[in-house]
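Peer 1: Chain by chain, the residues:
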Amino acid sequence: MSDSANTVVVIGGGPAGIAAAACVAENGASTVLIDDNPRLGGQIWRSGGKIPQAKEAGHWLNRFMRSGAKLQCGTRIVDRLGTKSLLAESDRGIQRVDYSQLILATGARERLLPFPGWTIPNVVAAGGLQALVKGGAPIAGKRVAIAGSGPLLLAVATYLRLQGAVIVLIAEQAPWSRLVRFSAKLKSSPHKLWQAILMGVHLRGVRFKSSCWPIAARGESVLEQVEFQSKQGRFSVACDYLACGFGLIPNLELPRLIGCEVHNGFVAVDEWQQTSIDDVYCAGEPTGIGGIDSALCAGQIAGFATVGRKEKARGLFPARTRGKKFEETLAFTFALRPELRQLCQPETVVCRCEDVTYERLQPMTSWREAKLQTRCGMGACQGRTCGAVAEFLWHWQLASARPPVFPARVESLAGKTLTLEK
Amino acid sequence: MASGFDIVIVGAGIVGAACAAELAREGMRVAVVDRDIIGGGATAAGMGHIVVMDDSEAQFALTRYSRRLWRDLHSGLPPQAEYETPGTIWVAADESEMQEVRRKHEYYASRGVAAEILDSKMLAEAEPNLRPGLAGGLLVPDDAVVYPPVVARFLLERERGVSVIAGSAVRAITNDGVALEDGTRISAAKIVNAAGDASPNLTAGVRVAPRKGHLVITDRYPGFVRHQLVELGYLKSAHTHSAESVAFNVQPRRTGQILIGSSRQYGVTNADVDPAIVSAMLSRALQYMPGIGTLSAIRCWTGFRASTPDKLPLIGPAPGTDHVYLATGHEGLGITTSLATAKLLASQITGREPEIAVTPYLPARVMDGEKHA
Amino acid sequence: MPNLIQVTINGQAVTVPGGITVAAAVLLSGKSGIHRSPSGALRGPVCGMGVCFECRVTVNGRAHARSCLTTCEAGMEISADE
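Protein chains in written order, with this note's numbering: chain A, 1 to 422; chain B, 1 to 373; chain C, 1 to 82.
Just so you know, not all the hints are guaranteed correct.
Here's a subset of chain A near chain B, in silico, CB distances under 10 Å, partners left out [claimed, not checked]: (1) D79; (2) R80; (3) K84; (4) A331; (5) A335; (6) R337; (7) P338; (8) E339; (9) R360; (10) E369; (11) C381; (12) L398; (13) S400; (14) P403; (15) E411; (16) S412.
Simulated restraints, written as ranges between beta carbons of each label pair [what the hints assert, rightly or not]: (17) B:E159 - A:P346: 40 to 50 Å; (18) C:D81 - A:S183: 20 to 30 Å; (19) C:T8 - A:K187: 22 to 32 Å; (20) C:T8 - B:E100: 21 to 31 Å; (21) A:T417 - B:E125: 39 to 49 Å.
Keep in mind the hints are simulated off the structure, nothing from the lab. For glycine and all other residues, C-beta sits at the position ideal for the given N, C-alpha and C.
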């Protein structure tokens, strides 16, 4: 990373980051994309598994490869060193990442909500199970219940079924009326409609329930069955895995550390996707949960903006506006119902890293107070899981971001590269 | 206007909480006000090290007395207070520092504080992850470690007669109590300013300056460090009035996490983590414990100590007033000396005989008798 | 046909397809739990993307590696909580 004078650095190798980096490089500017996964694609375009990549993903990945953009996988940004300078760490050591412009495309993660038994092995996140299977975990012949909320559930169900899993149930907490309205809106986007039809084909015969959510997971040492609540009452389903996620939440840790303003839970950006910090842009889920199309659009706009191709960026504004509408539709359709706040028992673990239970957190009045008094959020995940829970259950606002963005070796933070051991 | 209190204490940190508990135990009705949550300031940011220090006779007397009070208290603390007695080892890198070890040993032993000289081999056995070639150290086995925010809350909730108003900033100390930012007032005959690095804002002439510190905490590595380890150079660092300094200071927490410090900076008021300071501090730690380099650090943070010109806290009446007391300026020993501060303050308010002399800590020694507005 | 490599999990030799994650290797070896919480509860991987930290294992002597983000290599020594 020697010539930083004009390098556009892109953080995050999902659709937004790939599109941004490709646009920058295609316009002749020097760019490097940095991602912490072993392979490019982020979450939604994660490679692996027996099904070939979606056409769109393949197209953009090829475009990225041909563009001349440099790629560094297995590398995570852990701290900022000054204006326009970041500290990155990989298993091989550390490096200083200087940039003239920065595009943050750090994506989103799933919102996990607690209920009795949610910590039993084989209760996993929805996209999480897909990621694990793409990473080589066996699923053929296993019975999988999928629950939570959002279009991701159907995508996960489709993928897992094609890998040989037995999908015993898809439980969506949103009501049927909203799902119907959502489907009707898809008609206005042929692309999304086509995706939905394909999914429908692959999921023929799979039991699907709306207004349905898990209330307890049970099993001796691994998951054996899940009890659900639905309009018709309670019922149990025997299964080997519960893949459960309640929507997506943006990864704001790095934007916050850099000082980007956050409004209503998302990074605030102007029409060029520039944040409140000069020369720092943000695209994709951290600016709003909108899925692949929004991410590709915003990534391209940011990329064009950094190389001064404003007229090309402007050409994408209408698509972005449509994407914003889709974000609103998603948020409305899959809004989380209040019953999901009532699932915990007093002894239900809320902070998984520190084993802090619901009853210990319930009397607290703020995130900071909860942290200081119970250690909630002080573990390895630094509140990534339990913070989202606390926001949902008690509307607590999380405090500012502190480095390192992800755990880093002490020697990395000391500015020293790896000490290789035998 | 809230009334019915004998005392209002500004600051619900460990010092304010200890004072509140002590005064309530004396039968007083105490209100404690804090602009933030209980224990949310330096109390939350520091290491929670309970240590006897010999920077001066007065510091030694105060820390020795207070450490004994912690020992008396500890069995009543909740488990989340994480009180442990790992002891401290003052680490000597070379022979000249070993001379300091011997001096300290003599000093501590002659004043009744157990201490043991460790030679190079004994040090290595006590702490295998220290680098080879260190000269030795002084083990002070009864030094302890605690998690202060939980203790602050415990102390405030333990006594009847303590009311806590959190999330309300004090605008001013008045003739008959305090005025809050939101316009309300709390009346009391006596006020205690235990506002730490904010204490100068409320009492004229208080020479307390913020001294920023950084800390880093790792993931869980049980057994990697067994004692609190402090380089003898720490004393030079705490001593100096220069702009910034770092020293090797490492602590095992009950969770198995390792707390790595320490740093001191004057004249910096923003709370941002400074990567250059973190780098210097961790580099210093690597020099003593090379193996710490591959451990996973999960968080860095900062805090502000309340430092005074002579490294001793202010415990007693604010000169020029007859109803305002100070309990502030504890620099890096706030946790250690909080309990003794409470006793000494209470003795001055009640007129009872204190267990140790209060003279060295009286605010008048570093303040003029300015008329309080 | 992916190549097969050998890793050890808690001292046991396990043959796995090259290129899979350590989390997948542990699951393939028949374990569902990977990491014990502070109170001793056994946990399995959850998020699959390195943000929940429930999948941590020791790899080649280095603790707290996120197994869902770590690719298996021949000869890798993996220790998971039991």
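Peer 1: Could you check the structure against the hints above and give me the numbers of any it violates, in ascending order?
Peer 2: Result: hints 3, 4, 5, 6, 7, 8, 12, 17, 18, 19, 20, 21 break, sorted rising.
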